[in-house]
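Quick note, the sequences are listed as chains R and X, same order. In case it helps, the numbering used here puts the first sequence at residues 1 to 295. In case it helps, the numbering used here puts the second sequence at residues 1 to 241.
Heads up, a few of these hints could be off.
[To be verified] Simulated coverage check for chain R against chain X, where a stretch passes if three residues somewhere in it have a Cβ under 8 Å from a Cβ of chain X:
#: 1; segment: 167 to 178
#: 2; segment: 186 to 197
[Said to hold, decoys possible] In silico DSS-like cross-links for lysine-lysine, where the CA-CA straight-line distance does not exceed 27 Å:
#: 3; chain 1: X; residue 1: K114; chain 2: X; residue 2: K130
#: 4; chain 1: X; residue 1: K76; chain 2: X; residue 2: K23
#: 5; chain 1: X; residue 1: K26; chain 2: R; residue 2: K90
#: 6; chain 1: R; residue 1: K93; chain 2: X; residue 2: K114
#: 7; chain 1: X; residue 1: K130; chain 2: X; residue 2: K6
#: 8; chain 1: R; residue 1: K93; chain 2: X; residue 2: K189
#: 9; chain 1: X; residue 1: K76; chain 2: X; residue 2: K26
#: 10; chain 1: X; residue 1: K76; chain 2: X; residue 2: K130
#: 11; chain 1: X; residue 1: K76; chain 2: R; residue 2: K90
#: 12; chain 1: R; residue 1: K93; chain 2: X; residue 2: K130
#: 13; chain 1: X; residue 1: K114; chain 2: X; residue 2: K6
#: 14; chain 1: X; residue 1: K114; chain 2: X; residue 2: K76
#: 15; chain 1: X; residue 1: K114; chain 2: R; residue 2: K90
[Stated by the list, open to error] Label-pair distances were calculated between CB atoms; the ranges are:
#: 16; chain 1: X; residue 1: D206; chain 2: R; residue 2: A160; range: 45 to 51 Å
#: 17; chain 1: R; residue 1: D180; chain 2: X; residue 2: V16; range: 36 to 42 Å
#: 18; chain 1: R; residue 1: F286; chain 2: X; residue 2: G27; range: 34 to 40 Å
The set of hints was computed from the structure by calculation and includes no laboratory data. Even glycine gets a Cβ: it sits at the ideal position worked out from N, Cα and C.
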Amino acid sequence: MLDILIAILIAGFTTGALYALATVGLSLVWGSMGMLNMAHAAMLTLGGYSAYTFSTTLGLPVFVGFTGAIVVGAIAGGLLYILIVRNLLKNDKATFESNVMIATVGVGIALENTILLAYGGQPLKQPISATGSLVLGPVSLPYQNMLIVFVVIVLMAVIALLLGRTRMGRAIRATAQNRDAAQLMGVAVNRVYFQVLVLSGAIAGVCGLMVSSMTQLSPPLGNDPMLKAFIMCVVAGLGNLPGAVAAAFGLALLEAFVQYVAGARWGFPTLLFVVIAVLIWRPAGFFGRLQIRRM
Amino acid sequence: MSNAAKPPLLRLANVVSGYSELKVLKGISFDVAAGDFITVVGPNGHGKSTLLKTISGLVPLTSGAISINGGPTLAKPHAIAALGIAHVPQGDMLFPEMSVLENLLMGAYLAPSKAEIDRRLDEVYALLPKLSDRRNQIASSLSGGERRMVGIGRGLMMGGQILLIDEPSLGLAPLIIEQIYGVIAELSKSGRTILLVEENPARVADLANHLHLLDDGAIVWSGPPAELLARDELLTTYLGG
Numbered sequence: 001m002l003d004i005l006i007a008i009l010i011a012g013f014t015t016g017a018l019y020a021l022a023t024v025g026l027s028l029v030w031g032s033m034g035m036l037n038m039a040h041a042a043m044l045t046l047g048g049y050s051a052y053t054f055s056t057t058l059g060l061p062v063f064v065g066f067t068g069a070i071v072v073g074a075i076a077g078g079l080l081y082i083l084i085v086r087n088l089l090k091n092d093k094a095t096f097e098s099n100v101m102i103a104t105v106g107v108g109i110a111l112e113n114t115i116l117l118a119y120g121g122q123p124l125k126q127p128i129s130a131t132g133s134l135v136l137g138p139v140s141l142p143y144q145n146m147l148i149v150f151v152v153i154v155l156m157a158v159i160a161l162l163l164g165r166t167r168m169g170r171a172i173r174a175t176a177q178n179r180d181a182a183q184l185m186g187v188a189v190n191r192v193y194f195q196v197l198v199l200s201g202a203i204a205g206v207c208g209l210m211v212s213s214m215t216q217l218s219p220p221l222g223n224d225p226m227l228k229a230f231i232m233c234v235v236a237g238l239g240n241l242p243g244a245v246a247a248a249f250g251l252a253l254l255e256a257f258v259q260y261v262a263g264a265r266w267g268f269p270t271l272l273f274v275v276i277a278v279l280i281w282r283p284a285g286f287f288g289r290l291q292i293r294r295m
Numbered sequence: 001m002s003n004a005a006k007p008p009l010l011r012l013a014n015v016v017s018g019y020s021e022l023k024v025l026k027g028i029s030f031d032v033a034a035g036d037f038i039t040v041v042g043p044n045g046h047g048k049s050t051l052l053k054t055i056s057g058l059v060p061l062t063s064g065a066i067s068i069n070g071g072p073t074l075a076k077p078h079a080i081a082a083l084g085i086a087h088v089p090q091g092d093m094l095f096p097e098m099s100v101l102e103n104l105l106m107g108a109y110l111a112p113s114k115a116e117i118d119r120r121l122d123e124v125y126a127l128l129p130k131l132s133d134r135r136n137q138i139a140s141s142l143s144g145g146e147r148r149m150v151g152i153g154r155g156l157m158m159g160g161q162i163l164l165i166d167e168p169s170l171g172l173a174p175l176i177i178e179q180i181y182g183v184i185a186e187l188s189k190s191g192r193t194i195l196l197v198e199e200n201p202a203r204v205a206d207l208a209n210h211l212h213l214l215d216d217g218a219i220v221w222s223g224p225p226a227e228l229l230a231r232d233e234l235l236t237t238y239l240g241g
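Throw the hints in and build the complete structure from the sequences for me.
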C-alpha cells in the first residue's frame, strides 16, 4: 500500500512541478499585463525543439541544450512583445485584452506550423533526459522525475527572489497591482511588459524541455500543459502566482490519485469538473479577489 | 511669482486636456516657482484631479504646453516623474499587496543610490513615525488615514522638486484631516514646493501663498486665500457658500 501511495505522490509531484512551471509563465503575464498569452503552448514547444536542436542536431553538450531552450524562449517572448504586443498597446486599452488574445492565437498557430514544417510531424526523442531510478527498498524514484522536481524548485526559488527582492521584480509587481501608480513612481511600464514576456518565454522554454523529456517531441507538445495551466490559473485566481503553484501541485496530485483509482481516462474530466465547480462557486478562484471595473 | 532670470519650476501654458472627446481642462495657465504653496480649489467634477493627472502625464495633453524647469513638454508619466514631479494621487493608489515599506521603496524607484534611499526613508519616518511602526503591514489592511500617510510618504520618497497633492482630506474623519494637514504644513515650512488641489479653501487659508479657483475646467479667479475667503459672492457662486 505504501509503495502505491509513494508512486501516486511521485507522479503527482512530477506533473505538479511541470504544471506549476507552465502556470507561472501564463499567470505572470496575465497578472502584470492583463494579457492571456495563447501562444504560450507554442513557446513551450519551441523550447523543447530548441534543446533538441542544440543537443542532437548540433551535437552540443546537455548544458548548452538546456540554456538554449531558455534563451530561445526568452527571445520568442521578447519578439512577441516587440512585433505584436507593443503595437496593440498603442491602440484602445479597452480592447487590448481581446485583441491580444486573438493575435496570440494566430502567433501560436503560425509557430506550431513552422515547427511542423521544420521538424516534421513524427515524434522525436528529447535527448536531454535522465535514465534509471534510485531504488530505496520497495520504492523506486526515477532520476528523470527527481531532476524535474529539482529544476522546478530551483526555478521557483529564482523567480520568487527575482520578483520579491529585486528592483525589477518590485516594478513588475507594482505594475501588476496598480499600473498608473507605478508609472507615477517612474516605472516605464512598456519596459516592464517586455521584461515580463521575456521572463515568461524563458520559463516556457524550460517547461517545454521538461515536458518533452517526460514524453516525446511533437509540434502540439505544449497544448496539453497549456490547457492544464489555464485550469490551474482559473482555480487559483488569474494572476495569483503563489496560488497558481499551490493549485498546480494540488490538482496534479488529485489527477494522479483519480487516474490510479478510477483509470487514466478520468484524470482530465476530474480537472474539468473542478474548474467548472470553482467558476460557479468561487468565480475569482481560490486565491483571487473579485475586481469591480468601471465600464 | 515667476522669476524673470530663471524659468519657473512648473509652467502651464493654455493647457487643454480631457478624456477622449470630453474636454475637461479648457486653457489653464499658471506658474509654480520654487518654494511656492499653490492651491487650486473648485467644486467636485470641475477638473482639479484632471489638472494634476495632466501635469504628471496620466491624462494626455490635447493642446498647450507644460514645462518643467523650462524644458520641453513630455508625454510619458515615468519621464515626467524623473524630472521631479511627485504626484500623490486621489484615493492614494497604493500597491495594495505590498507592505508599507515596499510602497515607500517604490517611491524611491528612481533614486540614484541605496544611501539616498536610506536618507529619504529616515526623513519620511521622522515626519510620519507611524509608518515606521507599520512598515511590515500590508497596505490594503491599513485605515484610510494611514493609507493617506503612506501616499504622502511615498510621494516624499520620490525626492521630487514639486509635490502634487490631490484632495488629501477626501473621505477622512475631521481629526485625521487635521493630522494630514499638520504634516503638509510641516512640509511647507521645510521649503517644499507644493501644488495642492482641494475643495474647501478654508483648509489651506494659512498654508497656501496663492490660490486659483477652478470652475468648469477654467481658472475664474486667482489671488491670496484670505482674499477669496473674504469674498462671499465668489464663495457662493463657485463653491456653494
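Now the hints, each set against the structure:
1. Counting residues of the segment 167 to 178 of chain R whose CB lies closer than 8 Å to any CB of chain X gives 7, so the stated coverage by that chain holds, three being the minimum.
2. Proximity of the segment 186 to 197 of chain R to chain X, defined as three or more residues with a beta carbon under 8 Å from a beta carbon of that chain, is established by the 4 residues found.
3. With a CA separation close to 23 Å, the supplied pair K114(X) and K130(X) stays within the 27 Å bound.
4. Pair hint K76(X) plus K23(X) holds up; C-alpha atoms about 20 Å apart against a cutoff of 27 Å.
5. Distance hint between K26(X) and K90(R) is fulfilled; the C-alpha atoms sit about 26 Å from each other, no more than 27 Å.
6. The straight-line distance between the Cα atoms of K93(R) and K114(X) is roughly 36 Å, outside the 27 Å bound, and the hint therefore fails.
7. Of the supplied pair hints, the one linking K130(X) and K6(X) is violated, its CA atoms being roughly 39 Å apart against a limit of 27 Å.
8. For the proposed pair K93(R) and K189(X), the alpha carbon gap of about 42 Å is over 27 Å, so the pair is violated.
9. Straight-line distance between C-alpha atoms of K76(X) and K26(X) comes to about 21 Å, which keeps the hinted pair within the 27 Å bound.
10. For the proposed pair K76(X) and K130(X), the alpha carbon gap of about 33 Å is over 27 Å, so the pair is violated.
11. Our distance criterion of 27 Å between C-alpha atoms is met by K76(X) and K90(R), whose separation comes to about 13 Å.
12. A hinted pair counts as satisfied when its Cα atoms are at most 27 Å apart, and K93(R) with K130(X) does not qualify at roughly 38 Å.
13. About 32 Å separates the Cα atoms of K114(X) and K6(X), which puts this hinted pair outside 27 Å; it is violated.
14. A hinted pair counts as satisfied when its Cα atoms are at most 27 Å apart, and K114(X) with K76(X) qualifies at roughly 26 Å.
15. A hinted pair counts as satisfied when its Cα atoms are at most 27 Å apart, and K114(X) with K90(R) does not qualify at roughly 35 Å.
16. For D206(X) paired with A160(R), a C-beta distance near 49 Å keeps the hint of 45 to 51 Å intact.
17. Taken as a hint, the range 36 to 42 Å is violated for the pair D180(R) and V16(X), whose Cβ atoms sit roughly 21 Å apart.
18. For the pair F286(R) and G27(X), the beta carbons lie near 52 Å from each other, so the given range of 34 to 40 Å is not met.
Checked against the numbered hints given earlier, the structure breaks hints 6, 7, 8, 10, 12, 13, 15, 17 and 18 and satisfies all the rest.
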